[in-house]
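Chemist: Numbering-wise, UniProt numbering puts 215 at position 215 of the sequence shown, and it's gapless, one number per residue.
Among the clues, some could well be false.
As the list claims (entries may be wrong) - With a Cα cut of at most 20 Å, we get these calculated PhoX-like pairs of lysine-lysine:
| id | residue 1 | residue 2 |
| --- | --- | --- |
| 1 | 302 | 290 |
| 2 | 164 | 210 |
| 3 | 446 | 496 |
| 4 | 677 | 688 |
| 5 | 288 | 302 |
| 6 | 634 | 645 |
| 7 | 404 | 434 |
| 8 | 438 | 496 |
| 9 | 434 | 395 |
| 10 | 438 | 614 |
| 11 | 488 | 446 |
| 12 | 614 | 625 |
| 13 | 667 | 677 |
| 14 | 228 | 268 |
| 15 | 164 | 184 |
| 16 | 465 | 328 |
| 17 | 328 | 688 |
| 18 | 614 | 434 |
| 19 | 118 | 130 |
| 20 | 112 | 16 |
| 21 | 625 | 496 |
| 22 | 677 | 328 |
| 23 | 404 | 438 |
Simulated from the structure, these hints should not be mistaken for lab results.
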Amino acid sequence: MATAGLGSEIVSVVNKLQDVFTAVGSSASQIDLPQICVLGSQSSGKSSVLENIVGRDFLPRGTGIVTRRPLVLQLINRPVPSSPQPNGNAVYGDKHANENEWGEFLHLPGQKFYDFNKIREEIVRDTEAKTGRNAGISPLPINLRIYSPNVLTLTLVDLPGLTKVPVGDQPKDIEKQIRDMLLKFITKPACIILAVTAANTDLANSDGLKLAREVDPEGQRTIGVLTKVDLMDAGTDVVDILAGRIIPLRLGYVPVVNRGQRDIEANKPISAALEFEREYFENHPSYKSKAQYCGTPFLARKLNMILMHHIRATLPDIKARITQQLQKFNTELQSLGGALGDTSSSSVVLSVITDFCSEFRTTIDGNTNDLSLNELSGGARISFVFHELFNQGIKTIDPFDQVKDGDIRTILYNSSGSTPSLFVGTTAFEVIVKQQIKRLEDPTLKCCQLVYDELIRILGQLLQKIPAFRRYPALRERFNSVVVNFFKTSMNPTTKLVSDMVAMQACYVNTTHPDFLNGHKAMAIVTERLNASKPPTPAPDPKSGKLAPGQINNNRDLDVDLRREEPSFFGSFFSAAKNAPKKKGAAVMESPPQVIRPQAALNDRETMETEVIKLLIHSYFNIVKREMIDMVPKAISLTLVNHSKENLQRELLQELYKPEVLDDLLKESEYVVNRRKEVVSMVQALNKAEEIVAGV
1 MATAGLGSEI VSVVNKLQDV FTAVGSSASQ IDLPQICVLG SQSSGKSSVL ENIVGRDFLP
61 RGTGIVTRRP LVLQLINRPV PSSPQPNGNA VYGDKHANEN EWGEFLHLPG QKFYDFNKIR
121 EEIVRDTEAK TGRNAGISPL PINLRIYSPN VLTLTLVDLP GLTKVPVGDQ PKDIEKQIRD
181 MLLKFITKPA CIILAVTAAN TDLANSDGLK LAREVDPEGQ RTIGVLTKVD LMDAGTDVVD
241 ILAGRIIPLR LGYVPVVNRG QRDIEANKPI SAALEFEREY FENHPSYKSK AQYCGTPFLA
301 RKLNMILMHH IRATLPDIKA RITQQLQKFN TELQSLGGAL GDTSSSSVVL SVITDFCSEF
361 RTTIDGNTND LSLNELSGGA RISFVFHELF NQGIKTIDPF DQVKDGDIRT ILYNSSGSTP
421 SLFVGTTAFE VIVKQQIKRL EDPTLKCCQL VYDELIRILG QLLQKIPAFR RYPALRERFN
481 SVVVNFFKTS MNPTTKLVSD MVAMQACYVN TTHPDFLNGH KAMAIVTERL NASKPPTPAP
541 DPKSGKLAPG QINNNRDLDV DLRREEPSFF GSFFSAAKNA PKKKGAAVME SPPQVIRPQA
601 ALNDRETMET EVIKLLIHSY FNIVKREMID MVPKAISLTL VNHSKENLQR ELLQELYKPE
661 VLDDLLKESE YVVNRRKEVV SMVQALNKAE EIVAGV
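Please build the complete structure, drawing on both the sequences and the hints.
Modeler: Structure representation (structure tokens):
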């Protein structure tokens, strides 16, 4: 059976790769290595097929789920050396033990098992260690290597058998668990499926073939093995299946005859079983003409050929993937500070400060190259605060939403003191304007706060973006607190400056401003408005026949009936009833009420004066609004935004670049330390893998 070096070098390449990746623990997850996976329902004879291929008993046996973890079986053809190797005259329980055949487990490096019973015990022990004693399963593979002159170089993965109903203390979803695990292996295009089916059952009911069909509907990478051919009813055979007339597979079917349970219990050696198998096929009327295509030795040769061609076909892709993964992990290793981690703490802190400050400036100045963003960021958001939010906030303040016409009338009377004013009182105008200007302080301080919030937001983004902060959580914390404190400190002069700007506007009302509407103009506009809104000349009163008041010479003509009641200056503050004298002929004068409030609507004169004041307030308040909208962003930029851009670096250097704090700042997070170990071992594994495939 020892058709020795049949493609053994190329298969050994993949074996080495498999070992390299299993050692790293990534189970070659990103790189699919070509392998043959053994698939079949429970008790279809999978283990017997594998043992026949190896030529030795070494797999755990029994009823129920015996294989509970994938077993990666690497068979390596090793010709008998010319000089016999010393074997220490060890005594084994395995009477077939010899110095030319041994097994090695990847999890027990350097330990050679010449006694194949011990291999079985170790498989059971390691399975129970990982999955517990009950019948749970685990996708963690056991890697076993068998060196022998009697095997062809071949790699097989023995998978747990498909089962339908949970038995004993098996988990309720055992069928789904096993199915999911098998699919994980056989879905990969680099996997060849060895579907084992008992010949004495209906092929259409084969669980192995059914599952293989799901991932390989064309049958391109499935090879069928028919076991228990000798147990078929007399007069039946599998010739139709072999000819591909039932369920065709491109790689075909191979019939084999294994030892029965009784043979195994009677310790019938595999060599005898293989001899029985050869005789069975050579002498059976249905198979003797094709005997060379039946049996375990042919299966082994066929699998060796298939695997070899398959590996040749997939190697270029494996090479490309290894290179790609290597690049990815090397980049990550750089971001984690190289294999050893950067040593000089001062240079790390210095470069982080420099990076942070240049990124900060870039973000505010808007020179960022990140095209993936479809939203405003950094400086653009600050601009939005200035020109949208603040602008709108100031514009929406209406001076007359709090000051009503009646209030203006009262202020007019109050501001003229004990002498009623001849003209519209400017004092009233100033009182109201100053009071309204103070209302602008709220939105300006809110604007400072919003810009501060945006700076904090930029800080948060940079702490996420710069990789060093992931490595050094202490540095990140310290950075955060220093920068936040710096912003807070900068807020004090900023809020003072904008408050002072509002106070400046309120303390001096500049009525000579070129854009300000002067008093004469305001009078003219109001008079025109009032006249336009007055009704046309009214007809004489039908009862008295008198003309309406104000028709002739604005109520001041001598012909007007002078006995008509003249409205008093404070007329609107009293109702007529109160003013009526109690008795005729007696001069009655009451003391003023405790509180004097307007009782009637505004008269014409009051309306006119109020409208003039309103117009002037409107005009001046708009000038102040315009100036605030223009100046506040400049002030905030000066003392907060630009101040931060220019002085943040100095502040960080003062606070962080001190020899006594440097080492504490650069304590790496546990995640980074562990991740670096993982990445370093991945890079080493990939470098090794690259060396291995480079030689092919």
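Chemist: Take the hints in turn and mark each one as holding or not.
Modeler: Tested hints:
1. 302 x 290: holds, 15 Å
2. 164 x 210: Within the cut-off at roughly 14 Å; holds.
3. 446 x 496: holds, 13 Å
4. 677 x 688: Status holds; Cα separation ~16 Å.
5. 288 x 302: With Cα atoms ~19 Å apart, residue 288 and residue 302 stay inside 20 Å; holds.
6. 634 x 645: Holds - the C-alpha atoms of residue 645 and residue 634 are around 15 Å apart, at most 20 Å.
7. 404 x 434: holds, 16 Å
8. 438 x 496: holds, 14 Å
9. 434 x 395: Holds. Residue 434 to residue 395 sits at ~17 Å (cutoff 20 Å).
10. 438 x 614: holds, 17 Å
11. 488 x 446: holds, 15 Å
12. 614 x 625: holds, 16 Å
13. 667 x 677: Holds, because 16 Å separates the two Cα atoms, which is no more than 20 Å.
14. 228 x 268: It holds: about 17 Å lies between the C-alpha atoms, which stays within 20 Å.
15. 164 x 184: Between residue 164 and residue 184 the Cα gap is close to 19 Å, so the pair holds against 20 Å.
16. 465 x 328: holds, 18 Å
17. 328 x 688: holds, 16 Å
18. 614 x 434: holds, 13 Å
19. 118 x 130: holds, 18 Å
20. 112 x 16: holds, 18 Å
21. 625 x 496: holds, 19 Å
22. 677 x 328: Holds, because 15 Å separates the two Cα atoms, which is no more than 20 Å.
23. 404 x 438: At roughly 17 Å apart (the allowed maximum being 20 Å), residue 438 and residue 404 satisfy the hint.
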